[in-house]
Amino acid sequence: MNTVDKATFNPDMQGRISAWLTKHKFSHRPLGYDYRGVEILQVKSDEWLSIVVALYAYGFNYLRLQCAYDAAPGGSLISVYHLTQMRDQSHQPEEICAKVFVSRTNPQIPSVYWVWKSADFQERESYDMLGITYWGHPYLRRILMPESWIGWPLRKDYVVPNFYELQDAY
Amino acid sequence: MGPHHPSMHGVLRLVVVPQGENVIDCKPILGYLHRGMEKIAENRTIVQYLPYVTRWDYLATMFTEAVTVNAPEKLANIQIPERASYIRIIMLELSRVASHLLWLGPFLADIGAQTPFFYIFREREMIYDLFEVATGMRMMHNYFRIGGVAADLPYGWVDKCLDFCQYCLPKIYEYERLITRNPIFLKRVKGVGFISRQEAINWGLSGPCLRASGVQWDLRKIDHYECYDKIDWQIKWQTEGDSLARYLVRIDEMKESINIIQQALKLLPGGPYENLEGRRIAQEKGRMNWNSFNYQFVGKKSSPTVKLPRQEHYVRVEAPKGELGVFLIGDDSVFPWRFKIRPPGFANLQILPQLLKGMKLADIMTILGSIDIIMGEVDR
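In order, the protein sequence lines correspond to chains A and B.
Take the first sequence: its letter number 125 is residue 135 in this note's numbering, and every next letter is one higher.
Take the second sequence: its letter number 173 is residue 760 in this note's numbering, and every next letter is one higher.
Quick caveat, the hints were computed from the structure, so don't treat them as lab data.
C-beta atoms are modelled at their ideal positions from N, C-alpha and C, and glycine is treated no differently.
Check before you lean on any hint, since a few could be wrong.
[Said to hold, decoys possible] List time: in silico DSS-like cross-link candidates among lysine-lysine, alpha-carbon distance up to 25 Å:
#	chain 1	residue 1	chain 2	residue 2
1	B	777	B	842
2	A	166	B	626
3	B	626	A	109
4	B	614	A	127
5	A	127	B	944
6	B	947	B	777
7	B	758	A	166
8	B	944	B	614
9	B	758	B	842
10	A	109	B	661
[Stated by the list, open to error] Facing chain B, from chain A, some residues (calculated, C-beta under 8 Å):
#	residue
11	44
12	71
13	73
14	96
15	100
16	153
17	164
[What the hints assert, rightly or not] Here chain B is said to cover these stretches of chain A; the calculated rule only asks that three of the stretch's residues, wherever they fall, bring their Cβ under 8 Å from a Cβ of chain B:
#	region
18	45–56
19	74–88
20	130–141
21	154–161
Sequences and hints are given; from them, build the entire structure.
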């Protein structure tokens with residue numbers, strides 16, 4: 011699942027945008043390509059904001075998708091950002107996917123709301139479902155679950171509380 | 588403004604802070620229709636999950652099925668026959684016409700014009716009839732399969748669909764004659780809820796909201812999916828960015844959809860309508876009898892289960908509300924590891940508090956209606 015298990019830097023995996031970022035000395039780690047050919051970058055949580063501003067300056071003005079998932083039950087949590095360059099009448103616009111890996115016990119990532127406002131509800135949903143806290147988000151509350159819910163539902167090690175039928179099924 | 592609404596908006600709670608007649612602030616509260624679709628998807632195969640996906644956007648159901656089926660197809664490199672691709676295009680565009688019609692009714696009903704609400708159901712019932720004959724269900728068709736579609740179009744469907752197109756296009760012009768130059772309508776809608784081009788891109792809008800602000804972005808042209816390249820059609824867009832522009836974009840899209848359906852019906856090739864089941868039958872040909880279950884027409888056949896490789900990608904379609912996307916991470920088993928749904932309504936709803944600041948109370952429903960959200964996909 012594209013987790014960090016490459017110990018050495020593989021120069022074949024570096025795409026165009028990764029090369030551009032390295033030229034301007036932004037620290038990141040290229041993770042190859044996904045199945046459609048979109049470049050994937052892995053970024054650390056502390057350096058995330060500087061890379062965000064660099065990508066915005068490169069021309070990625072449209073945050074398409076912000077989601078999160080966990081690598082394994084007990085493993086790290088990953089926050090995924092799909093960015094695109096949006097222009098009129100474009101064919102095959104440039105796309106990039108950036109992943110921020112954080113630990114499960116203390117997941118903190120700076121929010122990108124102030125760069126791309128479309129992260130507003132999407133980061134709230136990642137917080138609601140997986141528990142990743144986004145620093146700098148103007149209103150980080152639970153969005154889909156009730157405000158008083160305890161637990162992060164979409165984690166792989168989530169146990170549904172007080173589910174009567176499930177208790178009886180065993 | 589409580590979760591219940593009089594006209595088909597779904598369960599959305601808006602906490603509005605008014606000062607007299609002006610709106611100071613507004614906070615949308617979602618989650619009343621959250622059903623845990625993403626968590627359920629992690630324990631179902633794609634074919635088992637298909638009945639769930641039509642419940643995201645229950646007015647334009649073919650798009651949800653299209654994106655759910657596109658995700659494993661592209662991940663496992665499954666080609667679909669051309670006939671299936673054209674059938675999909677026809678179904679998708681019919682669904683788009685149906686969804687825009689059902690947007691038009693409640694939009695005008697909120698503004699105060701109750702009559703078009705009944706008129707749109709006249710056309711929508713005809714689309715329901717077409718769908719029922721082809722797929723078996725009026726709304727929650729379980730029609731798309733990995734590898735094509737579930738069953739072929741019945742005899743005479745093409746002629747009936749052409750009749751519908753010839754009937755529907757003058758009706759859309761009739762709606763335009765009734766509504767577009769009506770001075771009361773223009774007063775309510777012109778200049779209300781203005782979104783500039785930069786803001787539209789920054790807030791992650793998609794679909795008619797984006798095209799009404801001057802961005803010519805249509806995923807059917809950009810992604811080159813299905814057979815849209817073989818059909819001659821244009822992107823409809825406006826530059827003003829207010830609610831009137833969004834209304835005009837949707838009306839134009841309806842006309843363009845009818846155009847696409849007519850062209851696709853003429854170009855519809857013969858051939859198989861589904862690949863995986865056909866391949867399975869071809870492999871087992873010697874062992875099956877002519878009158879056994881495999882050769883009988885009993886309705887829709889389910890395609891074989893596909894094992895998803897350990898890859899990930901993000902597929903999207905141009906749904907009538909915007910960009911509907913699925914981020915699928917496969918796990919080398921029949922169940923996906925993560926099935927993230929990117930609903931267009933969720934992204935389009937974010938801009939609502941900003942649009943409502945400084946507007947009158949009566950403009951809330953106009954702006955909410957013109958953004959065209961549906962809570963089934965916003966909450967999932």
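Hints, verified against the model:
no., hint, in the structure
1, B:777 - B:842, "holds, 22 Å"
2, A:166 - B:626, "holds, 9 Å"
3, B:626 - A:109, "holds, 21 Å"
4, B:614 - A:127, "holds, 16 Å"
5, A:127 - B:944, "holds, 17 Å"
6, B:947 - B:777, "holds, 14 Å"
7, B:758 - A:166, "violated, 51 Å"
8, B:944 - B:614, "holds, 11 Å"
9, B:758 - B:842, "holds, 10 Å"
10, A:109 - B:661, "holds, 22 Å"
11, 44, "holds, 5 Å"
12, 71, "holds, 5 Å"
13, 73, "holds, 6 Å"
14, 96, "holds, 5 Å"
15, 100, "holds, 6 Å"
16, 153, "holds, 6 Å"
17, 164, "holds, 6 Å"
18, 45–56, "holds (count 3)"
19, 74–88, "holds (count 4)"
20, 130–141, "holds (count 5)"
21, 154–161, "holds (count 3)"
Checked against the numbered hints listed earlier, the structure breaks hint 7 alone; every other hint is satisfied.
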